[in-house]
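> This is what each chain is made of:
Number of protein chains: 2
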Amino acid sequence: MTEVSVAPDPAATGADASDEPWSAFRQALLDDGVLLATDVDGIYGRSAAYESVADAIDRLVLRVGADQDALSVRFPPVMPWSTFQKNGYLESFPDQMGSVHTFRGDERLHAELVHRAESGEDRGELLETTDIVLCPAVCHPLYPTQSGRLPEGGRRVEVYGYCFRHEPSTDPFRMQAFRQHDYVFLGTPDGARDHRDRWIDRGLEVLGGLGLEVEAVIANDPFFGRPGRMLAANQRTEELKYEIVAPVFASGRPTAISSSNCHLDHFSRPFGIDTADGAVAHTACFGFGVDRITLALLDRHGTDPAAWPDTVRSVLWP
Amino acid sequence: MTEVSVAPDPAATGADASDEPWSAFRQALLDDGVLLATDVDGIYGRSAAYESVADAIDRLVLRVGADQDALSVRFPPVMPWSTFQKNGYLESFPDQMGSVHTFRGDERLHAELVHRAESGEDRGELLETTDIVLCPAVCHPLYPTQSGRLPEGGRRVEVYGYCFRHEPSTDPFRMQAFRQHDYVFLGTPDGARDHRDRWIDRGLEVLGGLGLEVEAVIANDPFFGRPGRMLAANQRTEELKYEIVAPVFASGRPTAISSSNCHLDHFSRPFGIDTADGAVAHTACFGFGVDRITLALLDRHGTDPAAWPDTVRSVLWP
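Residue numbers (our numbering), protein chains in the order written: chain R, 1 to 318; chain L, 1 to 318.
Hints are supplied without guarantee of correctness; some may be wrong.
What the hints assert, rightly or not - A few chain R residues facing chain L, derived, Cβ under 10 Å:
| # | residue |
| --- | --- |
| 1 | Asp39 |
| 2 | Gly124 |
| 3 | Arg149 |
| 4 | Pro151 |
| 5 | Gly153 |
| 6 | Gly154 |
| 7 | Glu158 |
| 8 | Gln176 |
What the hints assert, rightly or not - Take a look, some chain R residues computed to stay more than 12 Å from chain L by CB distance:
| # | residue |
| --- | --- |
| 9 | Ala70 |
| 10 | Asp194 |
| 11 | Glu213 |
| 12 | Glu239 |
| 13 | Val280 |
| 14 | Asp310 |
Derived by calculation from the structure, the hints in this document are not laboratory data.
Note that beta-carbon positions come from the ideal geometry of N, C-alpha and C, so glycine has one too.
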């Protein structure tokens with residue numbers, strides 16, 4: 001799981017964003033047409049310039065990981081509810097879910113639905129659940145496909161795609177729909193720690209090479225409720241999660257742009273993933289937050305990528 | 001709007017797929033690891049081989065459209081509910097919607113939610129609507145960003161991304177999450193027709209060049225209910241929608257792999273898009289069904305792209 005958090009964040013939909021630390025940056029992104037606003041905070045259209053950076057980061061990540069002999073898989077932005085439930089996300093992060101509902105009624109009910117929507121009434125009661133949920137982390141759909149015994153030495157898998165978390169904010173770094181590029185390891189506990197540690201070093205090197213002042217910090221996921229606070233504390237004590245942060249905005253606020261997680265047997269146990277020896281496997285992943293990195297670069301070097309320093313451009317577009 | 005339909009289709013979740021026209025093809029895709037099955041029909045993981053074809057089609061589409069001087073925009077796979085409601089999708093295709101709901105309750109309600117999910121009870125009642133819906137067609141989020149007066153000669157925009165339609169099926173051509181690459185025109189009525197007609201010709205040429213036996217046919221969208229049947233009939237009479245179909249499966253069943261639509265003022269009126277003269281604009285779009293084309297190629301040339309004819313490979317990977 002590759003939760004990426006930022007420092008305490010007061011943002012909420014409809015809040016006046018003009019006094020926030022990100023106000024000037026957000027306005028520049030919109031004024032310069034790098035991002036296109038929609039009716040919903042945290043949902044943006046992306047310009048060709050923005051996408052050219054995101055694509056360059058994607059290719060950079062693939063070059064950096066070329067020695068990993070990784071299996072490459074892509075998943076769509078939605079996944080089975082069964083996966084979401086089995087892997088514990090429902091238990092730990094219910095408030096971030098994007099559960100997918102649809103309409104299965106007749107024409108009469110449809111007329112009522114349209115009427116309610118037009119008069120601003122809630123539609124929820126007239127819709128029904130499906131067996132689908134928005135994918136909250138790009139590696140989640142992978143684990144059910146890896147059931148069974150792993151090869152000697154474990155397996156590395158590279159995944160890229162869109163994730164969703166319901167956390168509306170005017171902070172451009174806190175998008176509701178965003179991309180992660182992950183390198184996942186499945187194998188022994190030592191192999192998992194090793195993967196995590198190596199990728200933190202690589203991440204620091206790669207992101208530092210883009211002119212970002214990065215550092216790795218111990219972090220925790222925003223687990224739900226009181227039991228969640230204990231889980232978060234435990235995650236920190238055991239150093240299961242690191243984030244690579246960079247200072248952003250004029251305020252120098254540290255913001256996570258990548259993260260690395262040891263999952264222990266959290267994903268392998270529910271889906272029956274075993275090591276070559278038949279023990280329950282451990283998993284770990286390192287996730288490049290592609291939209292976050294793109295934004296950090298736009299914040300650091302300006303909203304026109306064509307005018308970025310040659311040292312940065314030559315890494316992104318070699 | 002770029003609805004892509006196929007000939008009458010009896011498929012539904014849980015149906016025994018072994019006797020369907022697509023059974024052998026589907027099984028080959030799964031056996032050869034080109035697609036990875038999940039717990040939900042129509043939601044698949046994609047292998048590196050599959051993605052290499054989809055990416056090659058994406059780049060081919062960009063090469064073919066290089067003369068269009070098109071604005072390039074990308075949207076995430078979710079969009080504002082307000083857009084969905086205003087553009088008429090709620091009215092015309094409610095049964096295909098993916099409405100996004102989340103959890104906003106306290107710890108007590110969360111415990112109840114987890115309990116219900118674990119015991120197989122429905123979760124819907126405990127969740128609340130958000131202002132977000134899955135994007136049903138890749139060009140939909142574009143129109144609200146185009147409000148105002150267009151330049152002389154109109155505007156062309158190129159959009160690519162994931163779409164969602166709730167229509168579970170074991171037919172691999174009927175994915176619930178799939179990609180479209182669209183060329184959209186916004187301008188005069190004549191300009192819109194012209195855009196549509198030219199792109200049908202281009203589409204036939206491009207797709208025919210990949211060894212597919214394509215033809216353009218008049219089509220209609222699967223509008224909901226009885227009023228919907230009239231809308232569909234009208235769409236055919238006025239020739240507003242064409243699909244490019246190719247025969248697939250041993251059965252030679254014609255399946256839409258691209259489509260072209262004249263929207264008249266359907267998208268411009270609700271979002272206030274005007275021509276340079278101040279008249280209400282018309283819009284049209286041509287959409288390459290990237291996953292459908294990928295599947296048609298895998299069906300036509302075999303599940304190993306490395307073994308495809310040189311004539312096809314040289315077009316995809318020049």
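> For every hint, state whether the structure bears it out.
Verification of the hints:
Taking 10 Å as the C-beta cut-off, the interface hint given for Asp39 of chain R holds, the closest approach to chain L being about 4 Å. With 10 Å as the threshold, the beta carbon of Gly124 of chain R comes within range of chain L, its nearest partner Cβ sitting at about 4 Å, so the hint holds. For the restraint placing Arg149 of chain R at the interface with chain L, the shortest Cβ-Cβ distance is roughly 17 Å, beyond the 10 Å limit, so the hint is violated. Checking Pro151 of chain R against chain L: minimum C-beta separation of about 15 Å lies over 10 Å; hint violated.
Using the Cβ-Cβ criterion of 10 Å, the hint placing Gly153 of chain R at the interface with chain L is not satisfied: the shortest such distance is roughly 20 Å. For Gly154 of chain R, the shortest C-beta to C-beta distance to chain L is roughly 19 Å, which exceeds 10 Å, and the interface hint is violated. At its closest, the beta carbon of Glu158 of chain R sits 9 Å from a beta carbon of chain L; the interface hint therefore holds under the 10 Å criterion. Annotation: interface hint on Gln176 of chain R holds; nearest CB of chain L at approximately 7 Å, less than 10 Å.
With a closest Cβ-Cβ approach of about 10 Å to chain L, Ala70 of chain R is found to fall inside the 12 Å limit, against its non-interface label. For Asp194 of chain R, the condition that its CB be more than 12 Å from all CB atoms of chain L holds, with the nearest at approximately 25 Å. Once the 12 Å rule is applied to beta carbons, Glu213 of chain R is consistent with being away from chain L; the minimum gap is 28 Å. In this structure Glu239 of chain R is separated from chain L by more than 12 Å, as the shortest Cβ-Cβ distance comes to about 27 Å.
With a minimum CB-CB distance of about 21 Å to chain L, Val280 of chain R clears the 12 Å threshold, and the non-interface call stands. Against the 12 Å criterion, Asp310 of chain R stays outside the reach of chain L, whose nearest CB is about 25 Å from its own CB.
The structure shown violates the earlier hints numbered 3, 4, 5, 6, 9.
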